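Asks: Sequence:
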Amino acid sequence: MLDIKFVRSNPDIVKENIKKKFQFEKLPMVDEVIEMDEEIRKAKTRGDELRAERNNLSRQIGALMKQGKKDEAEEVKKQVAADAAELEALEKKEAELGEEIKARMMVIPNIIDPSVPIGEDDSKNVEITRYGEATVPEWEVPYHTDIMDLYTGIDIDSARRTSGAGFYYLRGDIARLQSSILSYARDFMIGKGFEYFIPPFMIHGDVVKGVMSFAEMENMMYKIEGEDLYLIGTSEHSMVGRFIGQILEKSDLPQTLTSYSPCFRKEVGAHGIEERGVYRIHQFEKQEMVVICEPEDSMAWFDKLWSYTVEFFRTLDIPVRTLECCSGDLADLKVKSLDVEAWSPRQQKYFEVGSCSNLGDAQARRLGIRVRDKEKGNYIPHTLNNTVVAPPRMLIAFLENNYRPDGTVLIPKALQPYMGGQEKLEPKK
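Residue numbers (numbering that gives the first Met the number 0): 0 to 428.
Keep in mind the hints are simulated off the structure, nothing from the lab.
From a predicted model like this one, the values you see are computed outputs, not experimental measurements.
None of the hints are false.
Quick list of in silico lysine-lysine cross-link-like pairs, BS3-like style, CA-CA up to 25 Å:
(1) Lys412 - Lys427
(2) Lys18 - Lys101
(3) Lys123 - Lys18
(4) Lys348 - Lys123
(5) Lys65 - Lys76
(6) Lys14 - Lys25
(7) Lys208 - Lys265
(8) Lys77 - Lys91
(9) Lys92 - Lys77
(10) Lys101 - Lys4
(11) Lys222 - Lys208
(12) Lys4 - Lys18
(13) Lys101 - Lys25
(14) Lys25 - Lys123
(15) Lys4 - Lys41
(16) Lys91 - Lys101
(17) Lys4 - Lys92
(18) Lys77 - Lys43
(19) Lys208 - Lys19
(20) Lys208 - Lys14
(21) Lys14 - Lys101
(22) Lys91 - Lys4
(23) Lys208 - Lys101
(24) Lys92 - Lys25
(25) Lys77 - Lys65
(26) Lys41 - Lys101
(27) Lys43 - Lys76
(28) Lys101 - Lys43
(29) Lys191 - Lys249
Please work from the sequences and hints to get the whole structure.
Replies: Structure below.
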């Protein structure tokens with residue numbers, strides 16, 4: 000959410016940013032917000048005048064009563080009553096206009112970074128760099144659930160009976176493999192100096208509204224019926240929400256946090272055949288990284304965060320590339336975003352396995368997170384988040400890139416300690 004003072008002073012910049020995001024229907028909101036903000040300021044000015052007048056009149060009433068001028072005092076009381084009625088109407092108007100402004104400000108997009116490429120949708124995202132050699136093996140690489148099935152490692156049919164579509168059971172070596180990847184990701188980030196957390200998996204509605212846009216909320220979040228609680232779609236929600244309403248000390252920054260959680264998502268919409276199996280599901284696990292930092296440091300942290308994901312995947316022998324997200328592919332709160340995509344030798348293309356985002360001060364402003372500065376006054380920090388790893392998508396990339404023609408799957412050295420020293424998985428079928 001933008002600062003109303005910024006919108007008031009820079010309406011053309013805000014409108015141009017909306018155009019860059021191809022959200023032309025939101026353009027009228029800028030003028031509406033400015034007009035309503037002016038009305039609020041006029042109402043506040045008049046309200047302050049009335050309060051000052053009320054204090055003055057109250058003193059007059061006291062003086063008149065002491066002088067025995069009861070009739071004159073009653074006339075002044077009538078003026079006080081009239082002023083009180085006007086003040087009540089003004090305060091009501093302020094509250095109503097405040098809600099109207101907030102409703103619009105919550106959907107006016109954040110100002111994107113000048114480096115963001117301009118485009119309507121993800122087809123206009125720009126490839127930045129490739130890491131590792133994306134090869135196509137001489138042997139056929141089976142579909143990921145078929146590889147899992149060689150190890151009796153997945154049971155989708157039972158999950159359909161217990162939970163419906165979009166769920167699965169992992170078993171045996173495949174279940175252990177997923178847990179091992181998450182444990183390795185945890186230790187990898189601790190090695191980078193991040194503090195490890197396991198956060199709450201449900202959060203209040205005011206936290207949800209603080210960390211994401213309404214469109215994301217509607218398409219992603221599951222609400223607990225009858226309670227002000229939502230299942231998290233990523234641990235970023237809990238981790239940034241942890242600081243709601245807090246004033247941090249400058250010495251507390253940067254906050255560098257890594258968190259594990261299950262994630263729950265509606266995943267609304269139809270998907271292609273390559274997204275069946277365990278690619279797009281309602282429940283998965285993820286290791287996340289979150290940073291809260293000084294505004295001037297956020298872009299440096301942005302580059303650090305995505306580079307950690309690239310490094311993590313390369314330690315597991317998985318080729319990846321990075322894509323700069325274009326303006327139309329950015330959620331409203333994001334200043335800049337970069338996707339990490341892993342190579343699929345079966346599909347002979349890359350697919351998304353993680354996303355790194357700089358949200359500027361948008362989340363912190365919505366959540367009321369501030370940093371104490373006794374000299375210059377309190378200010379709002381920046382927040383960033385990035386996926387370390389999110390099985391099962393990463394599991395797909397791992398199995399495809401380490402699959403061998405005899406049906407075995409190689410275990411890279413970095414992961415072997417978490418797999419009891421195993422160097423490869425042997426098929427059960």
